[in-house]
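*Asks:* Listed below, chain by chain, are the residues.
2 protein chains.
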Amino acid sequence: MRDLTSLLSPRSIAIVGATPDSRRVGGRPLSFLRRFDFPGTIYPVNPKYREIDGIRCYESVTELPETADMAIICVPVNGVIETVRECQAVGILAMTIYTSGFSEMGGDGASLEKELKALAESKGSLICGPNCQGVANFNDRMVANFSSTLGRDEISAGPIGFVSQSGLFTGIVAAECYRRGLGIGYLNSTGNEAVVDYADMIAYMARDPRINVVAGYMEGVRDGNKLRAALRVAQDHNKPVIILKVGRNVKSAQAAASHTGSIAGSYEVYKAAFRQWGVIEANDITELFDLIELFSLAPDFSKGPRVGILTNSGGIGVFCADKANDLGLQLANFSPGTKAKILEKLPAFGSAQNPVDFTLQALNDAEAIGWHIEQVVKDPNVDAVLAFFGVQMLNIDALCIELVKANKLNNKPVVVGWMLGDPSMPTRLRAEGVPCFQDPSRALQALRALVKAEEKNSEDIRSSDVNGANTFIKRMAESGVRQLGESRAKQALDLMGIRVTRGKVASDAEEAIGVADEIGYPVVLKVESQDIPHKSEAGGVRVNIEKSNEIAQIFNEICASVREFDSNAKIKGVGVYEMIEDAIELIVGVKRDPVFGPIVLLGSGGIMVEMLKDTVIRVAPVSHSDAVGMIEELKIYPLLKGARGRVKSDLDAVADILTKLSNFTLSTGLIAELEINPLMLFAEGKGVCAADALISLRAAGDPFTAT
Amino acid sequence: MRDLTSLLSPRSIAIVGATPDSRRVGGRPLSFLRRFDFPGTIYPVNPKYREIDGIRCYESVTELPETADMAIICVPVNGVIETVRECQAVGILAMTIYTSGFSEMGGDGASLEKELKALAESKGSLICGPNCQGVANFNDRMVANFSSTLGRDEISAGPIGFVSQSGLFTGIVAAECYRRGLGIGYLNSTGNEAVVDYADMIAYMARDPRINVVAGYMEGVRDGNKLRAALRVAQDHNKPVIILKVGRNVKSAQAAASHTGSIAGSYEVYKAAFRQWGVIEANDITELFDLIELFSLAPDFSKGPRVGILTNSGGIGVFCADKANDLGLQLANFSPGTKAKILEKLPAFGSAQNPVDFTLQALNDAEAIGWHIEQVVKDPNVDAVLAFFGVQMLNIDALCIELVKANKLNNKPVVVGWMLGDPSMPTRLRAEGVPCFQDPSRALQALRALVKAEEKNSEDIRSSDVNGANTFIKRMAESGVRQLGESRAKQALDLMGIRVTRGKVASDAEEAIGVADEIGYPVVLKVESQDIPHKSEAGGVRVNIEKSNEIAQIFNEICASVREFDSNAKIKGVGVYEMIEDAIELIVGVKRDPVFGPIVLLGSGGIMVEMLKDTVIRVAPVSHSDAVGMIEELKIYPLLKGARGRVKSDLDAVADILTKLSNFTLSTGLIAELEINPLMLFAEGKGVCAADALISLRAAGDPFTAT
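Protein chains in written order, with my numbering: chain A, 9 to 715; chain B, 9 to 715.
Just so you know, these hints were derived from the structure itself, not from any lab. Please read all numbers here as calculations on a predicted model, not as lab measurements. Check each hint, because a few of them may be wrong.
As the list claims (entries may be wrong) - Example chain A residues on the side facing chain B (calculated, C-beta under 8 angstroms, incomplete):
id : residue
1  : S68
2  : T70
3  : L72
4  : P73
5  : G255
6  : R256
7  : G322
8  : V326
9  : D330
10 : G398
11 : I527
12 : Y529
What the hints assert, rightly or not - As a list, the in silico BS3-like pairs of lysine-lysine whose alpha-carbon atoms are at most 25 angstroms apart:
id : chain 1 : residue 1 : chain 2 : residue 2
13 : A       : K555      : B       : K649
14 : B       : K621      : A       : K621
15 : B       : K555      : B       : K311
16 : A       : K643      : B       : K621
17 : A       : K643      : B       : K649
Stated by the list, open to error - Quick list of simulated restraints, FRET-style, between CB atoms:
id : chain 1 : residue 1 : chain 2 : residue 2 : range
18 : A       : Q561      : B       : E554      : 21 to 27 angstroms
19 : B       : E375      : A       : E440      : 44 to 50 angstroms
20 : A       : S544      : B       : E526      : 36 to 42 angstroms
21 : B       : E526      : A       : D539      : 23 to 29 angstroms
22 : B       : D405      : A       : G99       : 15 to 21 angstroms
Glycine is no exception: its CB is placed at the ideal position from the N, C-alpha and C atoms.
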């Protein structure tokens, strides 16, 4: 992780390409730095001017009286490399490059960016951009972001750290936080990320004690491991990270041969990673700001699902109860004492149940309202409180006092729903630390995110002995094998201590009969050929063979069918295996994602996987709690856990195999893809058994860098 | 349906209980009627005053110089009945009763409401309320709704008809429509609905040519059939109906013995009815207003799923593309001509693909923006257009002209996303008929609703011959039978022409062997007892019996097991039935809902029904297209339609049985509950077969009125 101090808290700034016209991009940094009262020194640099706006302007950075900490570069694209060289020559460590025309244009632009990156790396320069809207640190009054909203809105300093891969989005953040009355710490746009990247920004902002929430707009990252490390920094510093991820439908370029393949890559992997690494994902722009508001105002709020609701409208109360239920929150059961106390001050037609309907009392008795909310906040059965007021115009001052008081009573969140009442209320409340939302659905959605944020995975990575399998895989790779068919793949699994169906490959019918007699009936016959990844499709599988005298004919039928399916397929023989009955079919596997490296997959087998898309993924390493979470996320989980008197399945064995495959893949580094399909799952205590498996190894020139 | 003209368009109004203090409820009608310039005559009535606000006040309605068309009644609860009698005596037809203290209080209040209702019905009086916030008709400047927001906001007349079962909610509607710049037609609250109900309001508003959208807040109705009739009026007049339904988690009071039972009743039934009858359901308050805005501004918009998106931010463009996909809309493929024309006026760094990124061009070249939007609107591959602008402060006048022009080009919806730009834009656009939303997600959500609103069911009710079954059921009911066990229920199905598993009930093992030999093996043995609704639980079912010599022992084991399960159960015998193989298990049934009458259910059988809750319901009568929709909504539908080379099931036969059960239940009127579980479904052309069935008949004193 890079130390971004000279980029984000410079004491002096050179603006290379400065112009006097503050409407132009080159004119804005000077204008904004002065507008926000930058306490350091500013050096405009442009050979065309002697001075700009009363400040001396220099011909080049080489003429500056001191080494500036940071340079803003807004010269035309063909002058950027030269400018960077000059900055490096005088010892300027950090640069923010606004200029466009690099990798976003492809072709020559991409080559130019490569050159820029190499240049930066040769001297260890911190470069933000190119093609970015710049950075800002309002706590240090350093505004080097050229978003036009910063020339209009009087942004105040605050605890929100924002990083964006979209330029215009930083302007939206500035305007919306201003509208809500929320203070901003950082407002950083990363552009093409030639050097300084998204993860650097997250980690640096998370370490700043003035920041209490890190948020961002993300299109994608190049290095999943680095993102993970940055998110760990945020967790270690107890800073929530909220991300709006866009580009969710980009199809993975990696076409894949197995079911696993259709899932890894793309948004599904980001989603799994976010879940594992504690990122709170916002689903739309409004929710992003709602979450920023709640988390920035409420860094120390306790989190729990039991919500107490109070409204000035019985109807909205019912609506809120529905919504809380839809969102997976619970309507708190008030303790009898709470109800009794509420009744003391409630009109006859109100309701002391949750949701509390204090009716039109809100119009004239703020103290009674405060009393009711206080009772609900103090109830040990309540984790969070929503107080809703519709079209409330009167009694604002007194109500505001009561709401702020209730919010400070203890560390339970008290959020306000304020719909179409006095428009000054929301900013007044926020200024005192009370989150305020117009639509009560949004208030409840934000509270739900607060609860979800608590459901963190513990990183209990369990070790497993995978040395034998590693050695075996290494030998295979060295001898040029790329595809391990059923028997070899099972051998690898066996070396990890994973039970596989007994049996072996027979080269003729006679041998097959011998193997079957040894295993015991019924048996399964399956073609063994590296050219036939989907054996059933080729007519290469026959199950439930009960008698010795059926084997020879079936053996021959299989060979004939496969030859008809693909006359070029090399048939090694026909595998004879024990037949597994009374088990639930699952599918487990490993796949490699270009950003996040190995991904572990679990799914329902058989027709379920197609029909219900009942698959779950996690990024390796998969901890024990990740594995348990995967199992619980399956749609067939109720069946697995033995609902309604059914036999409970051996879920521990499933969790074990998931962590084992994760450990194995990470330690060998040679697996491109691994699939066990089906994995037969038995009742509790009886384990699992791999009935078929397939492993693909990585080629030497494999483009994936993530391990 | 009641004619509400005298209630909603009265030429003269008496206000009984009028007071001079306009802050009090009794003071508001006079104040609001004058504020909105009511063109008719107002008669304040209150023995305490000689005049109020310069208008003569009368002692009682009997003293009025003419018969007022409508009376607003806001006297204390104990004076209401007397006031209604007086109104009736002088011939006042319509009354709006604000007063509370009726059925919402239970006990004496409920009795009082019964009296009020009887009194109204005796003279055919139109009563709105009691316990309501009143009614308003802004097109006729008749404001008899006492919501305080009507004393503040200058609501303009317009095409929106709103009906609410919550008083405060009408105030929210008024304030929000005012904030958005939308005109309102009706703003009616129905309160306890002693006489005039929700359906009356919907039908009346839908018939008013000045109204183009009917919307409402609903807690529940008492008569599903009447609601259906009202919605049909709205459909006949081509008026969309948008409803926010609350109280969705209220548990049905009817506990039920079968799977069907756990589904019928409550919100699920409303949801099915809304879907069948063309109601557009809003999921939260903001969405309700978004839909009202879109449908009221765009009554004649064409509807289609292919969206063209243009933005001033590439990032938001990507976000919009994601969202459109999430919502089931399609990102339109622009025709080559469109792309070429867009490129003519696009900066080099913009994108002519969908979404179009016109970058910062929006800041200074409104005509180019207008050009781009025009190309997209004209593209035959585009059904709807979203133009998004973030933090746009400059060039507002010119942009507004271009957006309005694009919206008028043809009848494709052009909606605008306007986030944090010049705050005057949204109301300016709406005034010219252009819907405008802050968050682009919401704009897309509204467009999706427009598309969904087009997916109407055709009411192709197919007849079926159910006379034989009717006669049979009638005979059963007359002879006092309430529960029809497997054999009798199957007999009823057989009379409808539904195939049932062959076999019959044997009273001893010997007879059972004879039946089995006749049917052919394998067979199924099942206990026949009206006391054992769930035979499997009692050990009363054995399947796959392959040989004659196994029958006797299994017969005895079944009897023993059932006796152990319930020693009081009367065992009629053991049914011997053909065994059905190679079929998919479904469950179909009928259940009676207290509001909507008979409900038809379809679900996956076996473990699926429990695990996946894979059940779908519709309100009877179930049309052929309803039945097809039910099948397509099943989670196992991909399996049924024969995805990936599987055999296609006989879906026509499933649709037929659903409409048949619907017809049967409606025509006999005697069915309380009917369940076929499992219904065995064969391949296309092979039909279905009921393998078990159960019918419960209604008792004479059955409380359900819906048929």
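*Asks:* All hints, please: hold or fail.
*Replies:* Checked hints:
For A:S68, the interface hint is violated, the least distance from its beta-carbon to any beta-carbon of chain B being 28 angstroms, above 8 angstroms. Taking 8 angstroms as the C-beta contact cut-off toward chain B, the hint placing A:T70 at the interface is violated, the least distance being around 32 angstroms. Interface restraint check for A:L72: the shortest CB-CB distance to chain B comes to about 31 angstroms, outside 8 angstroms, so the restraint is violated. Because the smallest distance between the Cβ of A:P73 and any Cβ of chain B comes to about 36 angstroms, over 8 angstroms, the interface hint for this residue is violated.
Below 8 angstroms, beta-carbon pairs count as interface contacts, and A:G255 has one with chain B at about 5 angstroms; its hint therefore holds. Hint status for A:R256 relative to chain B: holds, with the closest Cβ pair at about 5 angstroms, below 8 angstroms. Because the smallest distance between the Cβ of A:G322 and any Cβ of chain B comes to about 7 angstroms, under 8 angstroms, the interface hint for this residue holds. Because the beta carbon of A:V326 sits about 5 angstroms from the nearest beta carbon in chain B, less than 8 angstroms, this interface hint is met.
Against a cut-off of 8 angstroms between C-beta atoms, the interface hint on A:D330 holds, since the closest Cβ of chain B lies about 5 angstroms away. Against a cut-off of 8 angstroms between C-beta atoms, the interface hint on A:G398 holds, since the closest Cβ of chain B lies about 5 angstroms away. Interface hint at A:I527: violated, since its Cβ lies 26 angstroms from the closest Cβ of chain B, which is beyond the 8 angstroms cut-off. The closest approach between the C-beta of A:Y529 and any C-beta of chain B is roughly 19 angstroms, which is over the 8 angstroms cut-off, so the hint fails.
Taking the CA atoms of A:K555 and B:K649, the gap is about 36 angstroms. The hint is violated against a cut of 25 angstroms. Distance check on the hinted pair: B:K621 and A:K621 sit about 16 angstroms apart at the alpha-carbon level, within 25 angstroms; holds. Among the hinted pairs, B:K555 with B:K311 is inconsistent with the structure: their alpha-carbon atoms are about 62 angstroms apart, more than 25 angstroms. At most 25 angstroms may separate the alpha-carbon atoms for a hinted pair to count; A:K643 and B:K621 meet this at roughly 11 angstroms.
Of the pairs offered as hints, the one joining A:K643 and B:K649 holds, with about 21 angstroms between alpha carbons and a cut-off of 25 angstroms not exceeded. A:Q561 and B:E554 have their C-beta atoms about 25 angstroms apart, which keeps the hinted 21 to 27 angstroms range intact. Between B:E375 and A:E440 the Cβ separation comes to about 47 angstroms, which falls inside the hinted range of 44 to 50 angstroms. Taking the beta carbon of each, A:S544 and B:E526 are about 40 angstroms apart, inside 36 to 42 angstroms as hinted.
Our hint of 23 to 29 angstroms for B:E526 and A:D539 is violated, since their Cβ atoms are close to 53 angstroms apart. Take B:D405 and A:G99: their Cβ atoms lie about 50 angstroms apart, and the range 15 to 21 angstroms is violated.
Of the numbered hints given earlier, the model fails hints 1, 2, 3, 4, 11, 12, 13, 15, 21 and 22; all others are met.
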